[in-house]
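Kindly produce the complete structure, drawing on both the sequences and the hints.
In order, the protein sequences belong to chains A and B. For the first sequence, the numbering used here assigns the number 194 to the initial residue and increments by one for each residue that follows. For the second sequence, the numbering used here assigns the number 581 to the initial residue and increments by one for each residue that follows.
Please note that the accuracy of each hint is not assured.
Derived Cβ-Cβ restraints for the label pairs, each shown as a range [claimed, not checked]: (1) A:D328 <-> B:D611: 29 to 37 angstroms; (2) A:A266 <-> B:G766: 50 to 58 angstroms; (3) A:T611 <-> B:G754: 31 to 39 angstroms.
Treat the hints as calculated values from the structure; they're not laboratory data. For every residue, glycine included, the Cβ atom is placed at its ideal position computed from N, Cα and C.
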Amino acid sequence: MSETRVLLANIDEPGLNTIGVYERLGGYASMRKALLEMSTEQVLHELEESGLRGRGGAGFSMGKKASFIPKGAMDKYLCCNADESEPGTFKDRLLMQKNPHLLVEGCIIGSIAAGANKGFIFIRGEYELQADILDAAVAEAYDKGYLGEGILGSDHTFDLVVHRGQGAYICGEETALLDALEGKRGNPRLKPPFPANQGLYQGPTLINNVETLCNTPIIIEHGADWYRKFGEGNSTGTKLVSVSGNVQRPGNYEIELGISVREIIYGLAGGPPEGRELKCFFPGGSSAPVLTPEHLDLPYTFEAMAGAGSMLGSGAIIVVDETEPLVPLALRLAEFYRHESCGKCVPCREGTNWTVKMLERVDEGEGTPMDLDILEQVQGNIIGNCLCVLGDSMAMPVASMLKHFRGEFEQHMEQARTKRDLAEAAA
Amino acid sequence: MRDEAALHAGPLPPGWDEAVRLDEDPATIPDPASVEVPPQLRAEIERRMAMYPDRHSAVLPALAAAQRLHGWCSPEAILQVAAVMQVTPAYLSSVATFYDMLRTQPIGSHYVYVCTSVSCHLRNSKAVYEAIEAQAGEQGLEDWEIREFECLGACDMAPMASIDGRYVGPIEEGEAGELVSALKEGREPFPGRGLPDPGFRLPWEEGRAAPDRGGPPEEPDVHPAGGTWEDGEMLDVPPVPHPPAKPPPPPRPLSPGTSVAGEKIDPATRDREAEREEEERR
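Below, the structure written as structure tokens:
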């Protein structure tokens, strides 16, 4: 319908994951251009001017982030965050599986912008197929001389390693990723110092999401002005959205930022199954506060989602239809974050645990209306008080469900209590 | 009174309740000459160590390699890795207990991870998981670790499972028996329905026209401001001409307290990048 395919333009080309096909379709031309025809300042300038914002969740300007890396001769690092674990998100999986060389080229351009000489793609361990494909792509790029010492006769040296995680959601947090990459337990670090100053091995480090880096060859090829034509306001470019949950056609769609949420959910993904209405949706992964049908006509941009009290996050839209009870969903969500909490800071470790216990009470009919107040209060005590955003990631959606659907929580509690009482009476 | 059930409800690291052996000295870095390490494992670990500026970075790949060989991160496997990497076994144990894919108990050398996270939950994954687990018990499937797992990043295939890294989905509750018997007989379950299988397509993609294969569009697809998808659907209006490209805004002087990109920062989303920016400016 109205997909705007830029990143996914050639995605269905057979053999795109091999360097021959990728180069035939114009691949690695941007790397040549950035290395041989442009200065580092020009590359940085293009990236900043394009308005490209981080696609992993935070939405910070990618060019700005790269410009924070200190100049001068020292070991600097580039980390590609391919630990795509945010529930609902599967866009990077598609990019890495079908078009790994776009990511390799993006890493090279990112390394030019940051002046990095060593790069790591931290991919989650569950993506075994994608990691194998990336390994092969990196080897092909080395063979061609696109990676290694003095790339294409320039003075830029860049080594790239594919590093596999071993299953921990928290490693998607940038500083936890660095700890995992250094061979430790993946605990987030206290910030500051920020990774741009002291990151991997205490050196300046640029960390970017897969999709962000995949955008850079396109910006270098077509120029920042071309790229800025896509999108709306400060949300420039196209975005991969992963639509899942109660929709007829879940999948990845590439849209221009600024089209309405309704167009994505109903137009592209087919809406909820026949005869059912939408109850709520997560606009940016399971960490984003839920929005309700009244928000469907908002433009899908960083600003509009933030304005509605949620966030665009990783661009994963999870749709919940009217038949789905929310208490078990909130419980499922909280259980996930409880399991994934690293345990380093108290509000998250204890907060996720208590939230699960209280939601269980509500679900099993042991709760009282006061529990909902306490539940709300606990979420308020988590938000903004943790070392990293994992605690908030549970507290924000749970608090938003309580806010929008408190009546349903109370009703669920009453029904569960009646059911339990009847069962007890029968026994 | 201590509530035993409550103690076990939380995410406690394995072995937390085992008594410490006070009669033994803590294990030190093993002597490489006294530990026999399979040559393949040694080569793999040494290859990985050479790839990083700091050899400790190879801990995760090394433990994964040892697990492939031994089936789990057994004390023996950990000792071998420690001998090659010259770190203490305790350090390796601390890492192994943190990561979900590293097994610290001998519960099978293959895995079935059933995703039961939000998107799969909305598509009945809990029932699928329970059916698979019940079938595994009924048919006596051995050497397979079957567990619920965090979001596996395949919500388009929901409900799905990862079988030794092969993503399979969507799986229906009634197919659990077939899945388990295929595993038991050493067959690949559901051929053609795994993500790596050639020609893999999702059921609802079958009838869909192949997307155009052109390069990036010259001009973006334009949506009139304030328009909704219904406008475009119902009215067969000619596309609105794109407004001329805006000239790039002049560089803004930076005033403290605003973000460089000029965007409003919502405290609820806790954009920590803004803090970073402040920090950098100072």
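Hints, verified against the model:
1. Distance hint check for D328 of chain A and D611 of chain B: the Cβ-Cβ separation is about 34 angstroms, which falls inside the suggested range of 29 to 37 angstroms.
2. Between A266 of chain A and G766 of chain B the Cβ separation comes to about 56 angstroms, which falls inside the hinted range of 50 to 58 angstroms.
3. Judged by the Cβ atoms, the range 31 to 39 angstroms given for T611 of chain A and G754 of chain B holds: they are separated by roughly 32 angstroms.
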